Amino acid sequence: SQTIHQWPATLVQPVGSPLSLECTVEGTSNPNLYWYRQAAGRGLQLLFYSVGIGQISSEVPQNLSASRPQDRQFILSSKKLLLSDSGFYLCAVEDDYRGIYGYTFGSGTRLTVV
Amino acid sequence: GIQVEQSPPDLILQEGANSTLRCNFSDSVNNLQWFHQNPWGQLINLFYIPSGTKQNGRLSATTVATERYSLLYISSSQTTDSGVYFCAVGAGGTSYGKLTFGQGTILTVHP
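If you read the protein sequences in the order shown, they are chains W and H.
The end of the first sequence is residue 123 by the numbering used here, with every number in the run present.
The end of the second sequence is residue 115 by the numbering used here, with every number in the run present.
Mimicking EDC-like on lysine to aspartate or glutamate, the simulated pairs with C-alpha atoms at most 20 angstroms apart in a straight line are:
(1) 58(H) <-> 85(H)
(2) 88(W) <-> 31(W)
(3) 102(H) <-> 104(W)
(4) 102(H) <-> 9(H)
(5) 58(H) <-> 71(H)
(6) 102(H) <-> 80(W)
(7) 89(W) <-> 31(W)
(8) 102(H) <-> 68(W)
(9) 58(H) <-> 104(W)
(10) 88(W) <-> 68(W)
(11) 102(H) <-> 31(H)
Hints are computed from structural coordinates only; laboratory data are not their basis.
Because the structure is a prediction, the values reported are computed rather than measured.
I would like the entire structure built from these sequences, with the hints used as guidance.
Below, the structure written as structure tokens:
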């Protein structure tokens, strides 16, 4: 089975500072990977997804970017954080077990921009 | 894009009660999943159910794809069932596994 690691768990950053959140997956190869953001505890918004190394698709124009330097590594970044970037960031990997496409989520990073 | 509407937005139960959560979606889907988010934020996949019925212990789910809705049943609720329940759908094709989430149902189970 797959394991997904996400860190850090919490982060407080000043406005204008850079950001780097990392997500790694074990137990699978060439997975589809996703970054979601959840604001105010309701509803998840898809930010980026990747179907392979170096392949990134953006869903929402914003102050963030993503990269996939290795098959099982997905990074979310920003050069200069805004107050509106605060939220709960979740990485997910798509399981494909006998045609059952379930998601497994990481434990998330709570980002507060001050 | 696909719209996902969940109801009720909030639900308060006494331990032992049964409940039904509903998810309506606006277009055909080939991917539908139910998730539970615990008070610490962890999202757990409950069901992958683009059609039909599945059961897992006290939980069961039914999706009627032709009528564009899904139901999640919780029987004999326990305090550990508290949290937010999300329905998420995907249309597949070039959408890969991208999911659109509903706003969730906040369930509170009192002892």
